[in-house]
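Please put together the full structure from these sequences, using the hints given.
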Amino acid sequence: MAEKTKRASRKWIISVLSVVGIVGIWFFLTALAKVIPPAFLPAPQHIVIDFFRLLRDSYVGNTLIGHTLVSLQIVLGGFFLAVIIGIPLGILMGWFKRIEAVVDPLFQLLRPIPPLAWIPLSLLWFGIGIKSKIFVIWLSAFVPCVINSYTAIRLTDPLLVKAALGLGVKKQRDLLWEVAIPSSLPVILGGVRIGLGSAWMTLVAAELLASNAGLGYMMQMARRALEPSVIILGMLVIGFLGALMARGLRALEKRICPWVVEEEH
Amino acid sequence: MSRFSENFLNQIYQEKVFLSLSSVLGFLCVWYLVTDLLQLMPPIILPSPEKVFFNIYEKISIPVGEEKLFGHIGVSLVRILVGVGIALSLAIPLGVLMGWYENLDALASPIIELLRPIPPIAWIPLAILWFGIGLGSKVFIITIGVFFPILINTYLGVKFVEPLLIKAAQTLGAKDKNILWEVVVPASVPLIVAGVRIGVGLGMMCLVAAELVAASSGLGYLIMLGGDDLKPELSIMGMILIGVLGLIADRIILGIERRVIYWKKE
Chain A
1 MAEKTKRASR KWIISVLSVV GIVGIWFFLT ALAKVIPPAF LPAPQHIVID FFRLLRDSYV
61 GNTLIGHTLV SLQIVLGGFF LAVIIGIPLG ILMGWFKRIE AVVDPLFQLL RPIPPLAWIP
121 LSLLWFGIGI KSKIFVIWLS AFVPCVINSY TAIRLTDPLL VKAALGLGVK KQRDLLWEVA
181 IPSSLPVILG GVRIGLGSAW MTLVAAELLA SNAGLGYMMQ MARRALEPSV IILGMLVIGF
241 LGALMARGLR ALEKRICPWV VEEEH
Chain B
266 MSRFSENFLN QIYQEKVFLS LSSVLGFLCV WYLVTDLLQL MPPIILPSPE KVFFNIYEKI
326 SIPVGEEKLF GHIGVSLVRI LVGVGIALSL AIPLGVLMGW YENLDALASP IIELLRPIPP
386 IAWIPLAILW FGIGLGSKVF IITIGVFFPI LINTYLGVKF VEPLLIKAAQ TLGAKDKNIL
446 WEVVVPASVP LIVAGVRIGV GLGMMCLVAA ELVAASSGLG YLIMLGGDDL KPELSIMGMI
506 LIGVLGLIAD RIILGIERRV IYWKKE
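Note that the protein sequences, when read in sequence, are chains A and B. The C-terminal position of the first sequence is numbered 265 in this note's numbering, with every residue numbered one higher than the one before it. The C-terminal position of the second sequence is numbered 531 in this note's numbering, with every residue numbered one higher than the one before it.
Think about it this way: if two alpha-carbon atoms lie no more than 27 Å apart in a straight line, the pair counts; the simulated BS3-like pairs of lysine-lysine are:
#  : chain 1 : residue 1 : chain 2 : residue 2
1  : A       : LYS254    : B       : LYS424
2  : A       : LYS11     : B       : LYS440
3  : A       : LYS170    : B       : LYS281
4  : A       : LYS6      : B       : LYS440
5  : B       : LYS496    : B       : LYS316
6  : A       : LYS97     : A       : LYS162
7  : A       : LYS11     : B       : LYS432
8  : B       : LYS432    : A       : LYS6
9  : A       : LYS11     : B       : LYS442
10 : A       : LYS6      : B       : LYS442
11 : B       : LYS281    : A       : LYS171
12 : A       : LYS6      : B       : LYS424
13 : B       : LYS496    : B       : LYS324
14 : B       : LYS281    : A       : LYS97
15 : B       : LYS432    : A       : LYS4
16 : A       : LYS131    : B       : LYS496
17 : A       : LYS97     : A       : LYS171
18 : A       : LYS4      : B       : LYS440
19 : B       : LYS424    : B       : LYS442
20 : A       : LYS97     : A       : LYS170
21 : A       : LYS4      : B       : LYS442
22 : B       : LYS281    : A       : LYS162
23 : B       : LYS424    : A       : LYS4
24 : A       : LYS11     : B       : LYS424
To give a feel for the contact side, a few chain B residues facing chain A, derived at Cβ under 7 Å:
#  : residue
25 : LEU284
26 : VAL289
27 : ALA371
28 : ILE386
29 : LEU394
30 : VAL478
31 : MET489
Simulated coverage check for chain A against chain B, where a stretch passes if three residues somewhere in it have a Cβ under 8 Å from a Cβ of chain B:
#  : region
32 : 99-110
33 : 117-123
34 : 204-215
35 : 224-233
Hints were generated in silico from the structure; no laboratory data involved. All C-beta atoms, glycine included, are put in the ideal place defined by N, C-alpha and C.
This is the structure:
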């Protein structure tokens, strides 16, 4: 036991040293030795300074919080639409063979196209405003929601179905609501999580391409103004929010299906 | 489903094929109807299916921008292959070493955990600033996209290899180095290949994104140009070709998977 805690604490020390070391090297190369010009990679403290500056002052139209809210609003809007439409559609496809036969081939045709590739068409169809972004983000989250719900329902453990039939469940509807859907929940929620990650990534692409607000727009403008510290700040905020949303969904998953054995390492 | 007789199942199967075929045909018919016949959609919003088809045929011989169609496909292929190649040669060795040596794991993990949540596409502005809009920035972004899934899967595969296998090898007198290369690495190949599959899928997305944002050739450039020049048939062509490319890549990896891990049954 003592051996184990000793190893754990040594691991912890190495990890802290590693992060400190990287930031130290970064600081040394940019601020002290000045080997790397600031237009290429700014010193780490500049990112902190810019963070506080953008909290107060607006940059290309919004403060950092303003840009973040614009991005979050679009991503959550498209994502919720995808969940609301995608999960029921997937469940219907998994349960009713006829719906599966009609919808699945269309789905297989569209699926290989990365959702990002829809951005130009979406701009053409819906203009540069919020609608085109919501459409693309909806699409990117919709596909994993449908696929996972569909697969989970279709692969419902036959043993569970037989057990339910044996225990006297008569109606198909009860079988769907009481057996198939609850047993599919973990996989369905997994699809929701993949969808959120995909939506977040697609949003960044859409905002880089055509936008007048949002984190991606802020980064694109900073690139034109040769301000890499604002770009890196944007990347950190995007990464942080993405990780935060993934955490939130995972917590929700544990709340909704507590019987799932934790498989994360 | 034993209550279904063979005959009944056969009937269901036939009905399914019929429904599937009519679904795809119906989709094409509706598309044709709203564009060509009823002209509900102007061609600068949605071109008719035959216009898309002839556009593909035409662009094989007529150049768009710098290249003809196969030139654009070739450019995209080179970018994705170089990116995947670099990512593979970095991620697999690093993943194996991190999974095997605890100190290296402790050293590299925190940095990777800091960088991993940043979507590869968010690197695009910085990549353009660092490498310009040429091959370098695209390869950089694709490499980042492909790198993390392979690294994570390799790491997990090595770290959580069945302990019984290691114990058996030790009992048989294998040295540490042999255990790593002859037991642990082969045992984690299935997970590594799965990581490659996820990574290449993500890499295709990164390719499209990078070519949409800043490029003068490649399939992503065609998709973007179609939107800018009000030629949606160009965009749809690019989207179809990217989809086909992605499917082919996926099939190739599946084929390799089957060959490499022949001992593992589905």
